[in-house]
Amino acid sequence: MHDQHTSFSITGMSRRLFMAACVALAALVAVAPAHAQAPVDPKAEPNVFVETIASNALQAVKNDEAVKRGDLKRINELVDQLIMPYVNFEKTTRLAAGRHWRQANPEQRAALVEAFKGTLIRTYSGALANVDAVSRIDIQPFRGDANADDVVVRSLVNRSNGPSVAVDYRLEKTPQGWKVYDLNIENIWLIQNYRNQFAQQIQQSGIDGLIEALNRNNLK
Amino acid sequence: MKNQTRHTPRRRYSLGLAAAAVALASGCATVESPSPRDPLESFNRGVFAFNDAIDGALFKPIAYAYRDLTPAPARSCIRNVFGNLEDVWSAFNSLLQARGHDFFNTLGRVMFNSTMGLGGCIDVATMNGAHKINNDLGTTLGVWGIGTGPYLVAPIWGPTTLRDGAATLGGLAANVSPITPIKAIDDVPVRNSIIGLYALDTRESLLDADELVNRTALDRYSFIRDAYLQRRDALVNQRTSDGAALPDYSDDELPDYTDPQPDTQ
Chain A
776 MHDQHTSFSI TGMSRRLFMA ACVALAALVA VAPAHAQAPV DPKAEPNVFV
826 ETIASNALQA VKNDEAVKRG DLKRINELVD QLIMPYVNFE KTTRLAAGRH
876 WRQANPEQRA ALVEAFKGTL IRTYSGALAN VDAVSRIDIQ PFRGDANADD
926 VVVRSLVNRS NGPSVAVDYR LEKTPQGWKV YDLNIENIWL IQNYRNQFAQ
976 QIQQSGIDGL IEALNRNNLK
Chain B
608 MKNQTRHTPR RRYSLGLAAA AVALASGCAT VESPSPRDPL ESFNRGVFAF
658 NDAIDGALFK PIAYAYRDLT PAPARSCIRN VFGNLEDVWS AFNSLLQARG
708 HDFFNTLGRV MFNSTMGLGG CIDVATMNGA HKINNDLGTT LGVWGIGTGP
758 YLVAPIWGPT TLRDGAATLG GLAANVSPIT PIKAIDDVPV RNSIIGLYAL
808 DTRESLLDAD ELVNRTALDR YSFIRDAYLQ RRDALVNQRT SDGAALPDYS
858 DDELPDYTDP QPDTQ
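These protein sequence lines are chains A and B, in that order. What the first sequence shows, in my numbering, is residues 776 to 995, in sequence order. What the second sequence shows, in my numbering, is residues 608 to 872, in sequence order.
Just so you know, the hints here were simulated from the structure itself, not pulled from any lab data. Some hints could be false.
[Stated by the list, open to error] To give an idea of the interface, some chain A residues facing chain B are shown, with a C-beta separation under 7 Å as derived from the structure:
hint, residue
1, LYS818
2, ASN822
3, LEU870
4, THR894
5, THR898
6, GLY984
Here the structure is a predicted model, which means the values were calculated and not measured. All C-beta atoms in this analysis are idealised placements derived from N, C-alpha and C, irrespective of residue type, glycine included.
Based on the sequences and whatever the hints tell you, model everything.
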């Protein structure tokens with residue numbers, strides 16, 4: 776003991792290194808369980824931002840026992856926890872409503888956003904349903920202007936056997952960082968696909984009718 | 608028992624016809640402002656309801672039974688063998704569209720899958736990063752500058768457009784289609800069984816999409832129509848410009864964009 780204090784010996788140094796390595800390894804083992812969620816940084820590059828969210832969600836879905844039994848509600852919960860915080864669904868709803876948004880009063884707008892949220896969650900869940908143990912998300916190289924405020928991140932969801940599914944995310948830059956506001960599954964943009972349905976329902980029964988219809992869908 | 612099973616399809620057929628008649632009659636009255644790309648919406652909604660009735664009574668249960676009774680590896684093998692045939696057709700269309708890169712990629716897929724993939728049974732090409740490039744005659748016509756024409760719902764077949772429907776029918780009539788090699792089989796029962804299996808496989812592959820539509824659509828008819836048109840447009844746009852153009856929502860952007868947003872709770 777005394778020796779170590781007086782001289783900084785080679786053996787003492789290597790012992791300390793060994794200890795440090797052990798501590799580091801123990802820490803790694805402790806966090807290694809696949810449930811560990813990587814921290815999401817909304818101010819990172821768009822590709823990195825989307826990749827973190829998507830792989831967190833994919834990992835969670837893969838490891839969840841209820842999901843393995845085919846529990847769709849559980850996927851919805853996971854999407855709500857892991858994806859929705861990074862989605863600007865107010866913007867999604869507003870763009871889907873288009874010019875009709877102007878006719879809605881603030882209460883109707885809030886109710887519409889809340890009612891459409893369920894549909895959005897089920898759509899994002901659809902992109903994650905049927906994943907298997909070897910499913911993988913490959914983010915495609917970023918195309919377009921990296922300094923733009925409105926960008927698209929492209930990805931492929933690969934499955935064990937069968938064609939991969941193209942899933943693209945449209946993002947906008949906000950003061951708080953990136954937010955996803957539109958989703959494309961196999962060349963079909965979500966907002967675009969709801970515009971006619973919204974307009975049609977509003978024409979038939981007004982904004983309140985649309986809110987009611989969306990809420991009915993949420994109960995199914 | 609035997610007697611019963613023989614009559615079931617006929618009864619269901621007439622049930623479907625009755626449903627279609629009702630839907631046709633009601634459909635004509637309800638459509639107020641058809642989408643510009645769907646001028647025949649009233650008629651289409653009638654056929655859509657007819658298809659749904661037949662599908663729900665016949666094709667969907669068979670497809671689910673097929674999924675439940677066949678082991679997943681067998682189904683994936685069957686899917687991939689048909690996929691390999693489709694690739695031949697895709698490659699041919701890439702050639703018609705003067706897209707050499709796609710042509711050689713798809714040709715490579717076919718050669719790789721037919722040999723290493725045991726006759727197409729295993730999609731080894733996709734596993735090695737050579738992704739499928741879907742292509743067909745309707746897309747080729749689109750690349751050549753022909754618009755889709757009105758949206759149509761064909762009986763049994765489902766969503767199509769004047770252009771895509773004509774391409775499919777024309778291809779079948781001229782005997783150039785994904786199933787050309789199957790039609791070359793002389794043994795009629797074998798040939799028809801394979802075509803039946805192809806149809807079954809196709810229907811089974813759509814079951815998941817079907818469930819997603821049921822869970823998310825406000826109006827299934829509009830949802831499927833808009834999804835079909837979006838996807839078909841994207842396939843053509845990807846080939847005629849550098850990338851599919853993004854939908855532009857800005858013409859509907861609010862003047863009060865920066866107004867304080869309502870509390871969403």
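The hints, checked one at a time:
Proximity of A/LYS818 to chain B is violated relative to the hint, the smallest CB-CB distance being about 21 Å (cut-off 7 Å). Restraint check, A/ASN822 versus chain B: the minimum CB separation of about 16 Å is more than 7 Å; hint violated. Checking A/LEU870 against chain B by beta carbon gives a least distance of about 5 Å; that is within 7 Å, so the hint holds. Because the beta carbon of A/THR894 sits about 5 Å from the nearest beta carbon in chain B, less than 7 Å, this interface hint is met.
Taken as an interface hint, A/THR898 checks out: its beta carbon lies about 5 Å from the nearest beta carbon of chain B, inside 7 Å. Taking 7 Å as the C-beta cut-off, the interface hint given for A/GLY984 is violated, the closest approach to chain B being about 11 Å.
Hints 1, 2, 6, counting from the list given before, are not met by this structure.
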